[in-house]
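Enquirer: Sequence:
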Amino acid sequence: MTDRATTGLAAVLDTPVPVRERRRGRAGRQAAATAAGLVRTARPRQWVKNVLVLAAPVAAGQLVSWHTAARLALVFALFTAAAAAVYLVNDARDAAADRAHPVKCRRPVAAGLVPVPLAYATGALLALGAAVASAVLCNPMTAALLIAYLVMQFAYCLRLKHVLVVDLAVVTTGFLMRAMIGGVALSIPLSRWFLITTGFGALFMVAAKRYSEAVQLEAARGATRALLTQYTTGYLRFVWQLAAGVAVLGYCLWALESGGVATGSLLPWRQLSMIAFILAVLRYAVFADRGAAGAPEDVVLRDRPLAFIGLVWAAMYGMAVADV
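Residue numbers (our numbering): 6 to 329.
Hints are computed from structural coordinates only; laboratory data are not their basis. Be a bit skeptical, because a hint or two may be false.
[Stated by the list, open to error] Simulated restraints, written as ranges between beta carbons of each label pair:
1) C257 <-> T234: 33 to 39 Å
2) S192 <-> A116: 42 to 48 Å
3) R309 <-> V44: 26 to 32 Å
4) V329 <-> G117: 54 to 60 Å
Bear in mind the structure is a predicted one, so any value in this text is a computation, not a measurement. Glycine is no exception: its CB is placed at the ideal position from the N, C-alpha and C atoms.
Please work from the sequences and hints to get the whole structure.
Expert: Next up, the structure:
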């Protein structure tokens with residue numbers, strides 16, 4: 006044994022046991038904090054968006070068997086992993102800019118709780134795992150759609166988020182892909198009105214969020230999201246109002262497309278659901294107009310009247326699908 010090794014071993018042995026235990030405890034707490042930071046960076050609160058994978062099967066009345074439920078649960082898990090990968094890479098890339106944001110500075114990567122290289126590595130592993138699993142466990146179209154989502158979102162993180170209008174289109178398309186992939190996984194034909202309603206409904210919420218950010222951060226122009234300095238609040242207001250109108254029109258045409266009262270149905274529930282849908286859009290527009298429409302899941306989950314309207318709409322549409 007060399008003198009250096011002997012000296013190092015002696016130093017370790019001479020360290021009091023309580024000191025060594027404190028060091029191990031500190032290292033364990035740091036590892037736990039880093040793991041918790043990775044989970045927070047993966048945005049568990051936003052996983053609720055992935056419930057959209059159920060949209061097409063529910064609209065088509067196809068959510069009726071254990072096989073279907075298992076396939077959709079798999080797609081939900083894969084899309085959640087893909088979205089988490091994007092969040093990790095996005096936060097790693099934007100760490101410096103996020104530190105200047107009044108809210109985003111508390112994100113684990115920006116706050117230094119999660120090292121930037123670790124966030125990149127974890128994101129890459131999740132993305133690769135989701136892509137490989139989709140190719141092995143799902144049909145080719147589902148795998149292609151999920152991989153296209155990953156490519157598009159990483160391009161957004163690297164460049165597209167800084168391109169006017171394209172940034173809105175990419176985020177909106179991410180929502181639309183979530184709604185499409187459930188139908189694609191089960192080989193369900195997707196109605197054109199379903200796609201129009203979902204797409205413009207997503208654009209409505211995305212533009213309303215951008216509008217709210219622009220209003221709230223107007224006093225700190227250029228300090229956070231640079232692209233907001235290139236949009237005007239008037240333009241963003243126009244976009245969310247236009248998108249809301251097209252979404253309502255698309256839903257009404259979709260609801261009326263099925264005709265009148267179905268056989269055995271007491272009331273035209275699909276057509277009556279238009280009322281609840283329009284009320285939900287009007288309620289959401291209240292927050293958009295105030296500049297208080299943040300993350301869509303926060304608006305929907307925190308506003309009880311909007312949540313109630315959503316439940317009424319779901320009940321009406323469910324009765325239409327069930328032909329009650």
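Enquirer: With reference to the structure, classify each hint as holding or not holding.
Expert: Hints, verified against the model:
Evaluation of the 33 to 39 Å hint for C257 and T234 yields a pass: the beta carbon distance comes to about 37 Å. Evaluation of the 42 to 48 Å hint for S192 and A116 yields a pass: the beta carbon distance comes to about 45 Å. As the Cβ distance of R309 to V44 is approximately 28 Å, the hint placing it in 26 to 32 Å holds. Restraint check, V329 to G117: a C-beta distance of roughly 55 Å satisfies the suggested window 54 to 60 Å.
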